[in-house]
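Single-letter residue listing:
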Amino acid sequence: GALVYQYPRRTICKSGTSMRMECQAVGFQATSVAWYRQSPQKTFELIALSTVNSAIKYEQNFTQEKFPISHPNLSFSSMTVLNAYLEDRGLYLCGARVRNTEVFFGKGTRLTVV
Amino acid sequence: QQQVRQSPQSLTVWEGETAILNCSYENSAFDYFPWYQQFPGEGPALLIAIRSVSDKKEDGGFTIFFNKREKNLSLHIKDSQPGDSATYFCAASAASSSFSKLVFGQGTSLSVVP
Chain A
565 GALVYQYPRR TICKSGTSMR MECQAVGFQA TSVAWYRQSP QKTFELIALS
615 TVNSAIKYEQ NFTQEKFPIS HPNLSFSSMT VLNAYLEDRG LYLCGARVRN
665 TEVFFGKGTR LTVV
Chain B
2 QQQVRQSPQS LTVWEGETAI LNCSYENSAF DYFPWYQQFP GEGPALLIAI
52 RSVSDKKEDG GFTIFFNKRE KNLSLHIKDS QPGDSATYFC AASAASSSFS
102 KLVFGQGTSL SVVP
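The listed protein sequences derive, respectively, from chains A and B.
Counting from 1 along the first sequence, just add 564 to a position and that's the residue number in the working numbering.
Counting from 1 along the second sequence, just add 1 to a position and that's the residue number in the working numbering.
None of these hints come from the bench; they were simulated from the model.
Note that the structure is predicted; figures quoted are calculated from it, not measured.
Beta carbons: idealized from backbone N, C-alpha and C, even for Gly.
Wrong hints could be hidden among the right ones.
Said to hold, decoys possible - Partner residues aside, some chain B positions facing chain A, computed with beta carbon under 10 Å:
1. 33
2. 37
3. 39
4. 42
5. 45
6. 103
7. 105
8. 106
Claimed, not checked - Simulated crosslink set (BS3-like; lysine-lysine; CA at most 27 Å straight-line):
9. A:671 with A:630
10. A:578 with B:102
11. B:57 with B:102
12. B:57 with B:69
13. B:102 with A:630
14. B:72 with B:102
15. A:578 with B:72
16. B:58 with B:72
17. A:671 with B:102
18. A:621 with B:102
19. A:671 with A:621
20. A:630 with A:578
21. A:630 with A:606
22. A:606 with B:102
23. A:671 with A:578
24. A:606 with A:578
25. B:72 with B:57
26. B:79 with B:58
Looking at chain B on its own, in the form it has when it is part of the complex (with noise of 0.2 Å):
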């Protein structure tokens, strides 16, 4: 059973349009959702998050867009440069303890063309 299911798998956009990764999950408990961007060949880094008491972040050119009824989320990346070209990774957890797991989508893959 997948908790935590993004989408599109892959996704390709021109340099300087807005990227639209969506994330959507099963558990009611989860209350933290952070994002990870991973080039390859290297680990996942933490690149923006957000707790459940919010419905958007922002961070630089990255916002998330949260919505605890539908259970789902989204991260804009505005003006997507070709460095931004990697895999993004929704994952979910339940904060409140401090034993709580990570549980991580499938990713999206990102190509961003010049």
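Chain A with its partners taken away, still in its complex shape (with noise of 0.2 Å):
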């Protein structure tokens, strides 16, 4: 099956600091790549949507200036949480599109500010 990893699994960050994830996917190229953080209620959020060569397309309360996303390839994207605060921690999770359809998510990172 399809395999997205994720790294780190888990992060702490000082507030006001800025830190890095990456999603890889293995096995398989991604028409799209999404990026979501999942609150402590299980909710999800979605950041934004990329595809390769095309601009990024980031939900309303998320913008690029705080979210920066890299998506180089097929089977890669990073995305930086700049000036991290309390209410960016959550799980981030990257999910990679198969065919048009399915989607495929990683394990996440977790994200703690303190």
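Combine the two chains into a complex, taking the hints into account.
Printed below as a string of structure tokens:
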């Protein structure tokens, strides 16, 4: 099956600092990548959708200035959380879309801000 | 506005029973409906999915029943086992566009008691 690896699995950063997370599709080429944040209450917020060589589409309440994303090829994407604060904590999930329908998720990067 | 709704919020069944998880949606453009299973500390794993052209999809002990007219669907987990205890998310998207986003419900927490 399709595998999506996310790194790191957990990270702790000081308030006001930044951290970068990575997403790697293994064994397949993703037609698009979506970044989500899952809150402690388990709700999913879509941050942005990106396809290679196309503009990245950010959802309302999320901006490129705060969550810059790099998507250089069909199997790799990275996202940075700039100036992280308490409200940015959560499980950041990368979902890679295959064949324009199925979306496979990695195990996520859990961000704790102290 | 919650576009995808799930019920119940939590469900407890005895081992061997069939667990029934419900999902409804509002957007008529949605035509692809995956269910994800998530264990604590893990990312959501794609369990089974259905397209709106079908009214039933089976895979192992998991069955989706879909009612396009009523805009609802349900996931039946036959012969539930304690290992099936997890949170289940219903999601929806308009699969016609590669840039279409996956919208998640709030999840149903399932406990299977031995």
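Verification of the hints:
{"no.": "1", "hint": "33", "in the structure": "6 Å, holds"}
{"no.": "2", "hint": "37", "in the structure": "7 Å, holds"}
{"no.": "3", "hint": "39", "in the structure": "8 Å, holds"}
{"no.": "4", "hint": "42", "in the structure": "8 Å, holds"}
{"no.": "5", "hint": "45", "in the structure": "5 Å, holds"}
{"no.": "6", "hint": "103", "in the structure": "5 Å, holds"}
{"no.": "7", "hint": "105", "in the structure": "4 Å, holds"}
{"no.": "8", "hint": "106", "in the structure": "9 Å, holds"}
{"no.": "9", "hint": "A:671 with A:630", "in the structure": "23 Å, holds"}
{"no.": "10", "hint": "A:578 with B:102", "in the structure": "32 Å, violated"}
{"no.": "11", "hint": "B:57 with B:102", "in the structure": "23 Å, holds"}
{"no.": "12", "hint": "B:57 with B:69", "in the structure": "11 Å, holds"}
{"no.": "13", "hint": "B:102 with A:630", "in the structure": "20 Å, holds"}
{"no.": "14", "hint": "B:72 with B:102", "in the structure": "18 Å, holds"}
{"no.": "15", "hint": "A:578 with B:72", "in the structure": "45 Å, violated"}
{"no.": "16", "hint": "B:58 with B:72", "in the structure": "16 Å, holds"}
{"no.": "17", "hint": "A:671 with B:102", "in the structure": "19 Å, holds"}
{"no.": "18", "hint": "A:621 with B:102", "in the structure": "10 Å, holds"}
{"no.": "19", "hint": "A:671 with A:621", "in the structure": "23 Å, holds"}
{"no.": "20", "hint": "A:630 with A:578", "in the structure": "16 Å, holds"}
{"no.": "21", "hint": "A:630 with A:606", "in the structure": "22 Å, holds"}
{"no.": "22", "hint": "A:606 with B:102", "in the structure": "18 Å, holds"}
{"no.": "23", "hint": "A:671 with A:578", "in the structure": "23 Å, holds"}
{"no.": "24", "hint": "A:606 with A:578", "in the structure": "23 Å, holds"}
{"no.": "25", "hint": "B:72 with B:57", "in the structure": "14 Å, holds"}
{"no.": "26", "hint": "B:79 with B:58", "in the structure": "13 Å, holds"}
Figure legend: structure checked against the earlier numbered hints; hints not met, in rising order: 10 and 15.
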